[in-house]
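Peer 1: For reference, the chains in residue letters:
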Amino acid sequence: MKIVREAIYPLIAVAAAFVICGIIILLIGDNPITTFRLLVENSFITPKGVFETLHYATPLIFTGLAVAVAFRCGLLNIGAEGQLYTAAFATAWVGIKFGGTMVMVDGKMQDWSWASLPAILLLPMCIATAVIVGGLWGAIPGYLKARFGSHEVINTIMLNFIAIALVSYFTQYYYKVPGDPILQTAPIGDAATIPQLNSFLSFIPASVPLNVAFLLAIFMCFAVYVFLWKTKWGYELRAVGENPTAAEYGGISPKKQIIIAMTISGGLAGMVAVGEVLGFRHNYYHGFSAEWGFWGIAVALLGRNHPLGVLIAAIFFGMLLRGGIFVDAFTAHISKELVEVLQAIIILFVAAMQRFSK
Amino acid sequence: MEEGLITLTILIFSAIRMGTPMIFAALGGMFSERSGVINIALEGLMLGGAFSAAVVTYELSNPYVGFLSALVAGAILASVFAVAVIKFEADQVVAGFGINILMLGLPSLLSSAIYDSSGSTEQIAKEFLLPEYFGRISIASILAFALVPVCWYVLYKTPFGLRLRAVGENPEAADAAGVPVLRMRYMGVILSGVLAAAGGAYLSIGQSSFFTRGMSAGKGFIALAALILAKWRPFHVLVACLFFGFTEALSIQLQGASWAKLPSGEDIPVQFIEIIPYVLTIIVLAGFIGLSKAPKALGIPYRKEK
Chain P
1 MKIVREAIYP LIAVAAAFVI CGIIILLIGD NPITTFRLLV ENSFITPKGV
51 FETLHYATPL IFTGLAVAVA FRCGLLNIGA EGQLYTAAFA TAWVGIKFGG
101 TMVMVDGKMQ DWSWASLPAI LLLPMCIATA VIVGGLWGAI PGYLKARFGS
151 HEVINTIMLN FIAIALVSYF TQYYYKVPGD PILQTAPIGD AATIPQLNSF
201 LSFIPASVPL NVAFLLAIFM CFAVYVFLWK TKWGYELRAV GENPTAAEYG
251 GISPKKQIII AMTISGGLAG MVAVGEVLGF RHNYYHGFSA EWGFWGIAVA
301 LLGRNHPLGV LIAAIFFGML LRGGIFVDAF TAHISKELVE VLQAIIILFV
351 AAMQRFSK
Chain B
1 MEEGLITLTI LIFSAIRMGT PMIFAALGGM FSERSGVINI ALEGLMLGGA
51 FSAAVVTYEL SNPYVGFLSA LVAGAILASV FAVAVIKFEA DQVVAGFGIN
101 ILMLGLPSLL SSAIYDSSGS TEQIAKEFLL PEYFGRISIA SILAFALVPV
151 CWYVLYKTPF GLRLRAVGEN PEAADAAGVP VLRMRYMGVI LSGVLAAAGG
201 AYLSIGQSSF FTRGMSAGKG FIALAALILA KWRPFHVLVA CLFFGFTEAL
251 SIQLQGASWA KLPSGEDIPV QFIEIIPYVL TIIVLAGFIG LSKAPKALGI
301 PYRKEK
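Protein chains in written order, with the working numbering: chain P, 1 to 358; chain B, 1 to 306.
This is chain P alone, in the form it adopts within the complex (with noise of 0.2 angstroms):
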């Protein structure tokens, strides 16, 4: 019972966006059910679909998660996009810098590395290095807010545009390989990639690029709900969220519970370097979000802030994406912006009716 109570306001709200969707689709004269078909209808009925859809979904698991974290303990997350930016950059700096990579400058390779480690080292590097930078990057608007009480909103924002900033500087200042015309960096070494998943599972399609962080998405959902709801310090960080005031009289201290949850949101948010950098691009990419850290508030109203939610609208929201561009390509008028013209009346619905829904 407890699982319909929490599932009827989502639904309500997916069900409002694509009637307002519906009427707007009428309006400039397409057919909404065939949009609607073409939009849903093929992360279903082909292997490649459904794992495609899953690629899609894997980093929005990742910011879903983030900013359902910050909820928990009564923070918006606005800052997801600028914690994996600077995420990826500092990713694919340690693949490059300990992966060994030759660049090819004015005919002769250069060495850009300082070291060549072996996977077993540099793999663990790499991941660490995206969720601890994208965990301080997270870290920066919540020690503000528990030190000077600045809202993290604003904070987060502003982060946002710096983060990107800079990373968009040291790119091009430093680690581009001369005359690319692309503002990315140089690749990182083979021994930091991941593997895509048909590489051993051989009923995945050989053009889906859905690699091993997909399950690493999958096991942060678990990881997340054990810690939320059964330790101490996920309990600590949702009584701040339910009531500050009354968890400090419980002896637990919000400042700090507001830190270590910004943290570790920035962290989580930072964990789509692993997908993209490691798993997808196999370097840093400038542009490489498709703004999925503001995907990722959708993901966690739509998903009510529970790992398991968020699970099902990233894979929700994966699948809109995916089927946009079947929408781009196959009606006479609709692009693929119907997706985000969802998206915002979902959000809309869903904030609306938190009050009845709490």
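Hints are computed from structural coordinates only; laboratory data are not their basis. The reader is advised that the hints may include incorrect statements.
What the hints assert, rightly or not - Straight-line Cα separation of at most 27 angstroms, BS3-like style, residue types lysine-lysine; simulated pairs:
| no. | chain 1 | residue 1 | chain 2 | residue 2 |
| --- | --- | --- | --- | --- |
| 1 | B | Lys157 | P | Lys255 |
| 2 | P | Lys255 | B | Lys296 |
| 3 | B | Lys157 | B | Lys296 |
| 4 | B | Lys157 | P | Lys256 |
As the list claims (entries may be wrong) - Listed next, with one range per pair, are the computed distances between beta-carbon atoms:
| no. | chain 1 | residue 1 | chain 2 | residue 2 | range |
| --- | --- | --- | --- | --- | --- |
| 5 | P | Trp233 | B | Ala173 | 39 to 49 angstroms |
| 6 | P | Pro178 | B | Leu8 | 52 to 62 angstroms |
| 7 | B | Phe128 | P | Pro205 | 29 to 39 angstroms |
Quick caveat: nothing in here was measured; it's all calculated off a predicted structure. Just so you know, even glycine gets a beta-carbon here, dropped at the ideal spot from N, CA and C.
With chain P's structure known, arrange chain B on it following the hints.
Peer 2: Chain B alone, transformed into the frame defined by chain P:
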């Protein structure tokens, strides 16, 4: 020397142009936040205005009608936001964020339906853009400057302004004194939509000649930063917006400029100038440069006692 003077003049004019949309949006945000409603939707409200202005101006070849249409679009969009946060007591930040996402997607959706291109609307001929005077200063910039004392007067010298501020500082007391709290907040938020949309209109039919997806490029957030820096006061808003406009102008002028070199002879990285407004906002929020005191009831929904 003379060259330096010319460069400075160029920079100042450019700062005025860059600052204009932010002045509109920040003044708008001021009315919303002074009434107690956090408005991170400024970015989306600007985009709504920009899109409406671009489409109407192109279709009717009249920038004034286009500009007015932006104000209407801003009011409608802000009403949606207002109903969500005032009537339904939605989290103001979450709902504002939702409006921003909506305005990233909806204009593209509509523009691909109207013009078969989701990226941008049709280009408007130069003679149908907002007119410019004295060395490329748009009529919109003049309006923005003129609005500053007007907003100051409205906020501090009229009953409306007094009530609005009362509602944002102490809604219970205002209510007891017979001020309609929720209606004041609706007006504050809708006014913010109108003004932010005016800023957006300047982007699409003044500074450029068409609408592109996400063309406000964070200006709504910088306006919010300016508002915080200005401690929610109109003349300070003007100064903050011009300063942020100046940093933007500087980062554009520096690109490839021969006079802008580090002692080592390298270009000054524009990224470090671009982040000045953001860093400054964080520092101000932390209270290092005077305390930034927000309206007391900012962000708290008001429910009348039964």
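Peer 1: Quick one, are B:Lys157 and P:Lys255 close enough, alpha carbons at most 27 angstroms?
Peer 2: violated (41 angstroms)
Peer 1: Take the C-alpha atoms of B:Lys157 and B:Lys296, compute the straight-line distance between them, and say whether it is at most 27 angstroms.
Peer 2: holds (20 angstroms)
Peer 1: Taking the Cβ atom of P:Trp233 and the Cβ atom of B:Ala173, is their distance within the range 39 to 49 angstroms?
Peer 2: Since P:Trp233 and B:Ala173 have Cβ atoms about 41 angstroms apart, the given range 39 to 49 angstroms holds.
Peer 1: Quick one, are P:Lys255 and B:Lys296 close enough, alpha carbons at most 27 angstroms?
Peer 2: holds (21 angstroms)
Peer 1: Going straight from one Cα to the other, do B:Lys157 and P:Lys256 come out at no more than 27 angstroms?
Peer 2: violated (44 angstroms)
Peer 1: Evaluate the given range 29 to 39 angstroms for the C-beta pair formed by B:Phe128 and P:Pro205.
Peer 2: violated (52 angstroms)
Peer 1: Looking only at beta-carbon atoms, does the pair P:Pro178, B:Leu8 fall within the given range of 52 to 62 angstroms?
Peer 2: violated (35 angstroms)
Hints 1, 4, 6 and 7 from the earlier list are contradicted by this structure; the remaining hints agree with it.
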